[in-house]
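> The lines below spell out each chain.
Protein chains: 2
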Amino acid sequence: MPKVVIVGGGFVGLNAAKGLGNVSNLEVTLVDRANHHLFQPLLYQVAMAGLSPAEIAAPIRSLLARYRNIRVLWGEVQSVDLAGRRVIADFGELTYDYLILACGARHAYFGHDDWEEFAPGLKNLEQATEIRRRVLTAYEEAERTKDPAHRKRYLTFVVVGGGPTGVELAGAIGEMSRFTLAKDFRHIDAAQARVVLLEAGPRILPTFDEQLAARAVRDLEHLGVQVWTQSAVTKIDAHGVEIGAERLAAATVLWAAGVTASPLGKQAGLEVDRQGRVIVEPDLSIPGRLNVFVAGDQALFTHQTGQPLPGTAPVAMQQGRYLARLIRRELAGKPRVPFRFADKGQMATIGRSRAVLEIGKLKLSGFVAWLVWLVVHIYYLTGFKNRLLVVMQWAWSYLSFRRGARLIVSKEWRLPGPASPTATQPAAGWSSPEPISTQAKP
Amino acid sequence: MPKVVIVGGGFVGLNAAKGLGNVSNLEVTLVDRANHHLFQPLLYQVAMAGLSPAEIAAPIRSLLARYRNIRVLWGEVQSVDLAGRRVIADFGELTYDYLILACGARHAYFGHDDWEEFAPGLKNLEQATEIRRRVLTAYEEAERTKDPAHRKRYLTFVVVGGGPTGVELAGAIGEMSRFTLAKDFRHIDAAQARVVLLEAGPRILPTFDEQLAARAVRDLEHLGVQVWTQSAVTKIDAHGVEIGAERLAAATVLWAAGVTASPLGKQAGLEVDRQGRVIVEPDLSIPGRLNVFVAGDQALFTHQTGQPLPGTAPVAMQQGRYLARLIRRELAGKPRVPFRFADKGQMATIGRSRAVLEIGKLKLSGFVAWLVWLVVHIYYLTGFKNRLLVVMQWAWSYLSFRRGARLIVSKEWRLPGPASPTATQPAAGWSSPEPISTQAKP
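The listed protein sequences correspond, in order, to chains A and B.
Take the position in the first sequence, starting the count at 1, then add 12; the result is the number in our numbering.
Take the position in the second sequence, starting the count at 1, then add 12; the result is the number in our numbering.
Hints listed in this document are in silico derivations from the structure and should not be mistaken for laboratory results.
Remember, predicted model here, so these are calculated numbers, not experimental data.
Don't be surprised by glycine CBs; every beta carbon is placed ideally from N, CA and C.
Heads up, a few of these hints could be off.
[As the list claims (entries may be wrong)] Quick partial rundown of chain A residues pointing at chain B, CB under 7 Å, derived from the structure:
no.	residue
1	P71
2	D196
3	K278
4	L419
[To be verified] With a straight-line Cα cutoff of 16 Å, these simulated EDC-like cross-link-like pairs (lysine to aspartate or glutamate) come out:
no.	chain 1	residue 1	chain 2	residue 2
5	B	K375	B	D221
6	B	K158	A	D102
7	A	K247	A	D125
8	B	K158	A	E105
9	A	K158	B	E105
10	B	K30	A	D196
Modelling step: build the complete structure from the supplied sequences, incorporating the hints.
This is the structure in structure tokens:
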């Protein structure tokens with residue numbers, strides 16, 4: 013019986029598995045380091061205390077429970093033996109007839125890995141809840157400090173990277189400051205918080221139409237966000253950021269720039285580009301190995317337009333479904349066809365009532381664009397229950413301007429400086445040891 | 013203008029603050045180490061992946077935002093200067109005219125603080141999510157291990173303490189094993205999980221009627237829980253527990269026995285009993301200081317029945333409201349009256365469709381009792397949105413036997429033993445450094 017091994021339970025892995033579910037005479041094993049599938053486009057909502065983790069994530073084995081030919085194993089694949097047709101994971105080995113690598117991407121700090129401690133990225137739930145804690149804690153610290161310089165630093169938030177993720181984070185912090193938290197504090201005016209979005213290039217949202225990007229800038233400014241272009245960060249430390257000769261004192265810095273693929277591709281001896289993405293053929297296989305595929309953010313696919321496909325959710329979803337179809341067809345003796353991406357466009361939200369959206373020649377902005385964004389994301393959200401909960405949570409939050417999940421949980425994070433001596437231990441890092449990247453998602 | 017300082021944002025603090033909200037010419041400051049108020053009776057639901065943290069917790073400053081005379085400060089009170097009428101917190105000092113200490117209780121391990129690492133208690137969200145992680149991880153480890161002895165240990169869960177909290181935790185794990193996870197695994201039969209509830213005394217639920225307690229035992233056994241009475245734990249380590257000469261190999265041990273009050277009472281030089289509870293007068297004040305009150309789990313009140321009032325939510329709520337009324341009356345020149353607790357009874361659930369309930373002479377069990385429990389807890393859950401979300405979450409979970417929040421997030425926890433070499437770091441502890449206790453809650 014042919015065996016398919018899928019490494020990664022994200023958009024590629026989940027869709028590939030579903031497409032192979034209950035196919036007769038086929039055994040599928042999916043391995044992931046996390047027990048849950050994450051709907052990454054909404055991860056910034058968790059980071060900004062708008063949604064709870066369980067509203068955008070579901071256990072992988074639950075999602076695949078109905079397919080008796082699929083088993084899910086929680087673990088980490090550490091290397092691939094191409095000749096021996098097996099993957100080596102922390103719990104043991106798995107042999108395969110077909111292998112799909114879809115381990116995604118992580119943040120990169122342009123060689124400055126020491127920045128990671130001070131500027132978390134947004135790629136998984138641990139980081140999202142860490143960011144949430146830092147942002148909420150900053151307001152609490154600002155409320156109780158008597159030092160005006162400290163207060164100013166606590167009320168300064170810097171987001172590095174002007175792609176969709178950075179725009180969404182900055183807009184959400186601006187909106188939180190101006191609306192959600194407005195009445196909750198007595199010593200600070202949360203609306204006085206400074207939110208600065210730093211982009212190294214000449215404009216934010218470089219992949220979008222210029223006018224849409226300009227509209228986004230105006231919408232951000234309405235939420236109190238300052239957009240600094242041509243501002244490449246040269247240093248990040250506990251006190252803030254440096255942009256060349258300039259310095260911003262900020263308690264909270266978030267990283268939404270710089271991306272690199274999972275190191276597994278390189279570890280497996282595959283040919284990768286500078287960002288670690290594995291170069292794949294038109295059918296997503298690796299050169300010389302028809303039964304090994306790489307897809308999603310981990311792959312570099314240039315055969316359609318000459319340019320790499322972006323690391324976005326629709327690309328990953330389509331590639332996952334394509335691979336399932338390819339394997340089913342091949343088992344039935346049919347030939348392969350190349351992968352073709354059907355471009356569904358790109359979107360970015362600014363706060364809870366504005367967005368910019370571009371699909372081919374269609375360009376939308378404002379509230380209409382946000383409604384379209386809402387419908388699309390709810391549609392794709394995995395699982396009916398999640399959809400219902402998310403709609404309810406947002407409806408509540410939208411009508412009342414309250415953010416639903418404003419909890420500070422777990423490790424505290426404190427700035428060095430006039431230390432607040434507390435019994436709980438300050439910790440400035442988080443659990444994942446590798447640098448992680450953020451990839452622009454619609 | 014008189015100042016009231018409230019230390020602790022639990023049931024006492026929140027209700028006291030609300031009772032003093034918008035009272036003219038009164039300034040209230042509430043301090044808590046967490047930014048959120050926690051509905052503790054439902055904490056075990058978070059631990060058992062039935063609810064998300066945000067469904068049972070809300071930011072304190074949100075709950076009190078509408079009262080302009082109340083400010084909320086996030087911080088930790090470290091000592092009390094009774095003569096100088098001030099509390100010293102990590103962020104500075106606060107002077108008071110009235111002081112309410114309501115810091116709650118924490119776990120105690122009968123002198124064996126080293127047990128805490130292996131047997132977390134359930135008193136806050138950090139512990140609840142840690143327990144959730146350990147329980148879910150145990151199933152994942154069982155699924156992927158090839159060693160039968162390991163599998164057995166991973167599928168063995170021990171709950172120490174036969175009060176309501178222990179009963180609720182054990183019943184929930186039993187139910188999760190038999191129903192929720194039944195179809196999700198391929199190598200294990202989750203229903204074969206062993207759940208053992210250890211009680212040192214002659215029976216579980218010692219404060220309940222004997223017949224109700226016997227009914228609870230039968231309901232637990234239907235969920236696959238073994239109830240061991242007269243079984244005092246003598247040792248807990250990474251491999252399991254010892255009960256005298258017997259030994260149980262268990263990957264997951266949960267602590268629901270042993271309680272001690274917050275150390276602040278003793279630190280402030282107040283008279284405390286052996287469990288650290290502050291001895292209070294009939295009006296909840298401390299001897300010799302009419303303007304300093306201690307209430308909730310942190311207080312020892314024996315004036316009504318000769319026995320201490322239990323550390324439960326209704327006691328705390330009523331005391332909080334009482335104190336607000338006392339202060340309001342006193343400011344209007346009226347005399348004090350002693351505190352009288354209106355006993356609302358006690359309850360404990362067993363799984364999601366059974367409970368035992370005792371109010372005075374009324375004794376209920378089975379599904380009817382569970383319905384009453386449901387209505388009562390939803391009614392008292394803070395905030396309309398939370399209520400609606402919780403009802404929806406439970407309705408979904410009840411109808412589909414799925415548990416809504418089965419996410420493994422954050423630090424991994426691994427047993428020592430044939431170590432799984434992974435890149436992420438194992439961590440056997442969690443963030444709070446002080447031992448925490450669990451207090452029987454209805």
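> The structure should be examined with respect to each hint, and the outcome stated for every one.
Structure-based check of all given hints:
Here the hint on A/P71 is kept, as its CB sits about 5 Å from the closest CB of chain B, short of 7 Å. Taking 7 Å as the C-beta contact cut-off toward chain B, the hint placing A/D196 at the interface holds, the least distance being around 4 Å. Proximity of A/K278 to chain B is violated relative to the hint, the smallest CB-CB distance being about 15 Å (cut-off 7 Å). The interface hint given for A/L419 is met, as the beta carbon of that residue sits about 5 Å from the closest beta carbon of chain B, less than 7 Å.
With a C-alpha separation of about 8 Å, the suggested pair B/K375 and B/D221 falls inside the 16 Å cut-off, and the hint holds. As the CA atoms of B/K158 and A/D102 are separated by approximately 13 Å, the hinted pair is consistent with the 16 Å bound. With a C-alpha separation of about 11 Å, the suggested pair A/K247 and A/D125 falls inside the 16 Å cut-off, and the hint holds. This hinted pair checks out: B/K158 and A/E105 have alpha carbons roughly 12 Å apart, not beyond 16 Å.
Of the pairs offered as hints, the one joining A/K158 and B/E105 holds, with about 12 Å between alpha carbons and a cut-off of 16 Å not exceeded. The suggested pairing of B/K30 with A/D196 holds, with an alpha-carbon distance near 15 Å, which does not exceed 16 Å.
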